[in-house]
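First to last, the protein sequences are chains Z and U.
For the first sequence, this note's numbering assigns the number 558 to the initial residue and increments by one for each residue that follows.
For the second sequence, this note's numbering assigns the number 5 to the initial residue and increments by one for each residue that follows.
It should be emphasised that the hints constitute simulated quantities derived from the structure, not laboratory data.
Treat the hints loosely; a few may be bogus.
Simulated crosslink set (SDA-like; lysine to any residue; CA at most 25 Å straight-line) [to be verified]: (1) K158/U <-> V583/Z; (2) K593/Z <-> K109/U; (3) K18/U <-> F618/Z; (4) K109/U <-> P627/Z; (5) K112/U <-> P627/Z; (6) K567/Z <-> I14/U; (7) K563/Z <-> K18/U; (8) K18/U <-> E591/Z; (9) K112/U <-> N588/Z; (10) K7/U <-> D564/Z; (11) K109/U <-> S605/Z; (12) K18/U <-> N566/Z; (13) K593/Z <-> K158/U; (14) K26/U <-> S632/Z; (15) K101/U <-> L595/Z; (16) K653/Z <-> M21/U; (17) K98/U <-> V598/Z; (18) K109/U <-> S586/Z; (19) K590/Z <-> K101/U; (20) K26/U <-> K653/Z; (21) K18/U <-> L582/Z; (22) K109/U <-> D624/Z; (23) K98/U <-> D22/U; (24) K26/U <-> D585/Z; (25) K653/Z <-> I11/U; (26) K7/U <-> A646/Z; (27) K98/U <-> D597/Z; (28) K7/U <-> E570/Z; (29) K635/Z <-> E15/U; (30) K613/Z <-> A16/U; (31) K653/Z <-> A99/U; (32) K593/Z <-> K26/U; (33) K635/Z <-> M21/U; (34) K590/Z <-> D22/U; (35) K9/U <-> D597/Z; (36) K590/Z <-> D19/U; (37) K18/U <-> R638/Z; (38) K635/Z <-> R70/U; (39) K593/Z <-> L115/U; (40) K593/Z <-> A99/U.
Here's the letter readout for the chains.
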Amino acid sequence: MKHILKDLNKAFENRVRLGIMSALLVNDSINFKELKRLLDVTDGNLASHIKALEKKEYITFEKSFIDRKPNTTYSITKLGRLAFKKHVAAIENLLKT
Amino acid sequence: MEKQKYIQDIEAIKDMMDRSSKFISLSGLSGVLAGTFALVAAYLAYGTIYSGGLYSMEYRDAILSRSTLSQLLAIGITTIILSIGCGIFLTTRKARKMNQSMFDKQAKLMLINLAIPLVTGGVLCLILLLKRGVTLVAPMTLIFYGLALVNASKYAVDAMRTLGLIQIALGLLATWFIGYGLIFWAIGFGVMHIIYGIFMHLNDRQ
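Extracted from the complex, chain Z is given alone in its bound form (with noise of 0.2 Å):
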């Protein structure tokens, strides 16, 4: 049991930032935007998560120029796509015990 709530991430507790995850896992890159409209949540709100995950390096980030307004595109690390699959076999593992 202990080993098992060690394998599970800190940085995945929140919802939001599960949802990050979730959503970068499947796909290749989501902008700031269809990420605000796909987790429903306020700008601050999902900034400071997005920072979260950068800062632990699960993320990261592509910024560029659509008709001249900044787009900011984030795409999962490699780092963050293992980390992230393990902390769910790790919930999976505990749902099973």
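Could you slot chain U onto chain Z? The hints should help.
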């Protein structure tokens, strides 16, 4: 308990993966309408082919004259425009109801993947029409439409994949039983769309 939270977590993950990667399905009603248009079109096409009096009794010997050909093309194009028009209108309405954007990234990805086989098939059919391979047009439209659906189904509902596979099978059968193309065409574009539409409509209700 803790466990309940994690069950909800897993559900949230699955839901997000689904919502973020899949385009909302076309409205079921538009499937039924497209199917009905296709059946009417098949009926009109049948009338056009047989009223010409140009053909022997043998269905497979049918050789199309220029005027019947242009009539058939007109029927085909009208059907396509009506079906796509209704599809866009009804799907936009559904998207608005479900608070989803009609032209989000998934929709774009789906349309691109749908278009690649579809345009290939369309060009091929035009070539066949010009090179007097008219009998192959009906089976080819079915096969390429099926391939387009299968190709795009990654970004849409699973039922689309099944519909695609059925269309491919019908197309291959139509190639074997050449001359009965119109019948297979009516089944594929007409009957199958109606069934698919009803299925999707009932699914949405749940």
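Practice task
Take the C-alpha atoms of K18/U and N566/Z, compute the straight-line distance between them, and say whether it is at most 25 Å.
Solution key: 18 Å, holds
Problem - 25 Å limit on alpha-carbon distance, applied to hinted pair K635/Z and R70/U - result: 60 Å, violated
Practice task
Quickly compare the C-alpha distance for K18/U and E591/Z to 25 Å and report which way the hint goes.
Solution key: 18 Å, holds
Practice task
Compare the distance between the alpha carbons of K7/U and E570/Z with 25 Å, and conclude whether the hinted pair is satisfied.
Solution key: Status holds; Cα separation ~13 Å.
Problem - Agreement of K109/U and S586/Z with the hint, judged by alpha carbon distance not exceeding 25 Å - result: Holds, because 10 Å separates the two Cα atoms, which is no more than 25 Å.
Handout entry: Restraint check for K593/Z with K109/U, where alpha carbons must lie at most 25 Å apart
Key = Holds. K593/Z to K109/U sits at ~14 Å (cutoff 25 Å).
Practice task
Mind checking the alpha carbons of K26/U and S632/Z for me, to see if they're no more than 25 Å apart?
Solution key: 17 Å, holds
Exercise for the section: For the pair supplied as a hint, K98/U and D597/Z, confirm whether the alpha-carbon distance does not exceed 25 Å. Expected result: Measuring from Cα to Cα gives roughly 19 Å; hence the hint holds.
Practice task
Would you check the hint for K26/U and D585/Z, treating anything up to 25 Å between C-alpha atoms as holding?
Solution key: 13 Å, holds
Exercise for the section: Decide if the proposed pair is consistent with the structure: K635/Z and M21/U, CA atoms, cutoff 25 Å inclusive. Expected result: 18 Å, holds
Practice task
Mind checking the alpha carbons of K18/U and L582/Z for me, to see if they're no more than 25 Å apart?
Solution key: With a Cα-Cα distance of about 11 Å, the restraint between K18/U and L582/Z holds, given a limit of 25 Å.
Exercise for the section: Please work out if K590/Z and K101/U have their alpha carbons no farther apart than 25 Å. Expected result: Satisfied, since the Cα-Cα distance of roughly 20 Å is no more than 25 Å.
Of the numbered hints given earlier, the model fails hints 20, 31, 38; all others are met.
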